[in-house]
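Undergrad: In case you want the letters, here they are:
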Amino acid sequence: MALIRRRLSAPLREPRSSDYEVVDTDAWLAIADDAALPAGDVIVSLSRFRAERELLAQRGARIGVRIPNDTAPDVLAELASSVSLLAIELPTQRDGRAYTVARWLRQRFGFRGELRAVGKVVRDQLSYLARVGFDAFELSRGSAHDALASFDELSVHYQASSDQPLPLWKRAARG
Amino acid sequence: MYRYDEHDLRLVQERARQFRDQVARRLSGALSEEEFRPLRLQNGLYIQLHAYMLRIAIPYGLLSSAQLRKLAHITRTYDRGYGHFTTRQNLQLNWVRLEDVPTILDELASVEMHAIQTSGNCVRNVTSDPFAGVARDEDVDPRPYCELLRQYSTFHPEFAYLPRKFKIAVTGSRHDRAAIAVHDIGLRAVRDATGGIGFEVFVGGGQGRTPVLATCIRTFLPERHLLSYTEAILRVYNQLGRRDNIYKARIKILLNELGAAELTRRVEEEHARIADDEGLVLTDDEIQRVARHFEPAVYEQLEASPTIDGLVLGKDRTLARWVEANVVGHRTPGYAIVQISLKSERLPPGDATHAQLDAVADLADRYSFGRAVVTHRQNLVLTDVKISDLAALHADLARVELASPNVGRVTDIVACPGLDYCDLANARSIPVAQDVAARLRSLETEQDLGPITLNISGCINACGHHHVGNLGILGIDKLGEEFYQLTLGGDHTETAAIGKILGPSFAATEIAGAVERAVRAYLALRTDRSETFLAVVRRVGPAPFKEAVYGAHSTPTQRTAA
Ligand code: SF4
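First to last, the protein sequences are chains X and A.
For what it's worth, my numbering labels the leading residue of the first sequence as 210, then goes sequentially.
For what it's worth, my numbering labels the leading residue of the second sequence as 735, then goes sequentially.
Do not take every clue at face value.
30 Å max Cα-Cα, derived DSS-like pairs, lysine-lysine [said to hold, decoys possible]: (1) A/Lys982 x A/Lys899; (2) X/Lys329 x A/Lys899; (3) A/Lys1234 x A/Lys1212; (4) A/Lys1280 x A/Lys1234; (5) A/Lys1212 x A/Lys899; (6) X/Lys379 x A/Lys1234; (7) A/Lys982 x A/Lys1234; (8) A/Lys1212 x A/Lys982; (9) A/Lys982 x X/Lys329.
I should point out that these hints are in silico values taken from the structure, not numbers from a laboratory.
Let the hints inform the model, and build the full structure from the sequences given.
TA: Following this line, the structure appears as C-alpha cells:
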C-alpha cells in the first residue's frame, strides 16, 4: 500500500508537492475486527472502537478509527475529540461525501489528528482531498512518487477551504 | 465584460496542461477508461455515438468578438466547421479527437475561456439573463454575481463529486429570461426598501424524468451571503442527496423526500454555522470590484428617431417582420437589443457555422461594442445596437443567413442533438425540428401567430427543455421505433409551468401534422391577435386542443404513450 502524507514540518496551506512525502514504513497498523491487538498505534473499525474503547485507551498507544463516508455528524463530533487518526473510506471515485465529512471534521469539530483517505483513492483526487482537510492518502493504485506531482498541477485556488481560511480575493491583489 | 487577471489566466493555462497529462496517461493505458471518465467529464468531454463531444463553457452566455473568432477557428481547425449552442448557453463541438482536446483547451485559454465543469456531477456553468445589463425591467445586473459564483465553484474541492450535476441560474429582472424555476438553485436579485441588494432563493427545480418547479426557501438573502448560502445548500445536498439511483439523485428529489420545510431547516442550520466565515462572506469592495467589469457601454446621446415601432410599421416588410420578432427595447434611448435567430431552414436549431461565428464577431464589433450573448433558447443577442443601424445590420445578417425573423415564434424551436449525435437518445430531434418548422413557416408569416415556444428533447433527460415549452415534443422508444409525445402548456418564465401530455404519441411522420393542428386550434380559439398561445391554453384548457389534434385525424400509427 502506497502511503502519501503531509510532512510534519509543512505549514497548513494549499497543496504543493514539497509539503508531502511518500511514507515507506507507516507507524499505524490497520487491525481487523477479529485480530488480536498488537502493541503500537492501531486503526480499528468504529464498532471495535466502541466495544473496546477502555481497553484501547489503556494501552498507552495512539488510537485510529476507520469510518464510512456517511458517518453522521454527532458521531464525527464524538470521534474528533477522542482519537488521533480518522481513516475515511472512499467507496468509489464518484462518491463525494468524504469531502464534506472532512470539512466538518476540520472546521466544525476542530479535529487536529491525521485524516487519512482510504479505499478508492486515485492520484487525480489528491489535491481536492488535501484541500478539504485530508493529510494522508492510501493510494489505491499507481506510483505514489509520480502522484506527488499532482499537488502542483493547479496553483490557483479561488475558494477558502480547510487548508486556507481566505478566498483568493482576500489573499491577492486582483484586477 | 469580465476580463481575466493573472490568477484567472494562470488557472485555465494550468488546467489545459493538467488535462494534457491526463489524456496522455489515458492514451498510454496508465488510466483506465473508468478512472478517466470522471476526469474528462469534469472537463466537458463526452463520448457520443460517433465521436468525442467537447462542451465549452460560456459563462452566463457572454462572448467577446475575439472569443467568437477563436470559436470559429476551433470549429474550422478541429471539428467540421460548425458548433452547437446549447440550452445552457454553452457551445458543443461534436466531432473532436481526444488527442486534440488539450490543444483546443490551450486555444481557449488564450482568449480567457475553458471547458471546466461543463459536465460531471459538479456545479455547472452558471447561466443568466441574456439581456442582463440592458433590459428595461432589470432591478439588478446579475452578471457580477454569476462571476462571483463561477469563481467560487470553479474547482471547489468539496463539491466536485456531488450526487449529480448541479445547475445555478441568476436573474435580476422581473421578467425571467433565465428559467430560474427549473434550476437546482435559481436566484433572483432584488432590492429591499432601502435599496440593499439580496436574492430570492429557489431550490430544487429541474427537468429530466421528474420535472419540478423550484421552491422558494428564502425571500431575501443579503448579497454578502451569496456564497455562504450556496455552500450551505451544496453541503446539505452533498451529504444527503441520494447516490443509489442516478434518476433520483438531483436535489429536487431530496427536497421532495425531506419536504421543503426540513430541507430549508437543514440549510439554515448549516448556514448559521458558516454565515460569518471570513472565507465566505462577500464584502462591498469585492462585489464592486467584480461589478466594475460589467459597467455599461459608453452610449452616444441619440435622437429619439427612428424608433423600433416606426420600423415595424415601415414600408420594408421584410425588415419590419424581423424587427417585430427579433428586436427588443433597450434601456438607453436610441438603442435596441437585437436577437439573432439560429433557427434557419438550413441548419439544425442552435447550430452556427464557422463563417457565421466570424460574421457575428465582425457585426458585434461594428454595431454592438464587440460583444454577443448566447441565450438558453439557442440564439445569439447583440445587446447594444443603435436603432439607426438596424436596417444595415439586418442586411448584413441576411448575407450570412442569420436574418430569420422568428425569435420567440413557433419556428424558433429549441432542440437537443437527439439521436443524430447523442447515445442516450430514443429518437431524433433535429429532423423533427426541421419538419415542424417547414410545416409552420408559411402559417407563421401569414397568420401572425405571436409568441409560442416549442421545445424538443430526444429522450427523457430533457436537454431540449420540452417540459417548459408551450408546446413540447419528447422522443420515446417503442419497440425500437421512434415515437413522439406532445405536451401542452409549459412555460419557462416567471409564470413557469410544466407542460402536460396531450394524449397518445405520434410516429415520426405524424408529429409535425399534430403540431400544426394544435397551432391551428389556437388560431381558431384566440379572441384576437393579442391573446397569446399560452394565454389561450390557460383560458380554455387542453380539451379543445386534444380534440383538434386527435379528433378527426386519429390514425392507426397512434398508440398509447409508454
Ligand atoms: S435529451 Fe436525451 S437525446 Fe437529447 S441530448 Fe439530452 S440525453 Fe441526448
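Undergrad: Determine for every hint whether it applies to the structure shown.
TA: Do the hints match the structure? See the list:
1. A/Lys982 x A/Lys899: 12 Å, holds
2. X/Lys329 x A/Lys899: 21 Å, holds
3. A/Lys1234 x A/Lys1212: 20 Å, holds
4. A/Lys1280 x A/Lys1234: 11 Å, holds
5. A/Lys1212 x A/Lys899: Cα-Cα ~28 Å, so holds.
6. X/Lys379 x A/Lys1234: 49 Å, violated
7. A/Lys982 x A/Lys1234: Roughly 21 Å between the alpha carbons, so the hint for lysine 982 of chain A and lysine 1234 of chain A holds.
8. A/Lys1212 x A/Lys982: It holds: about 24 Å lies between the C-alpha atoms, which stays within 30 Å.
9. A/Lys982 x X/Lys329: 24 Å, holds
Of the hints listed earlier, the one the structure fails to meet is number 6.
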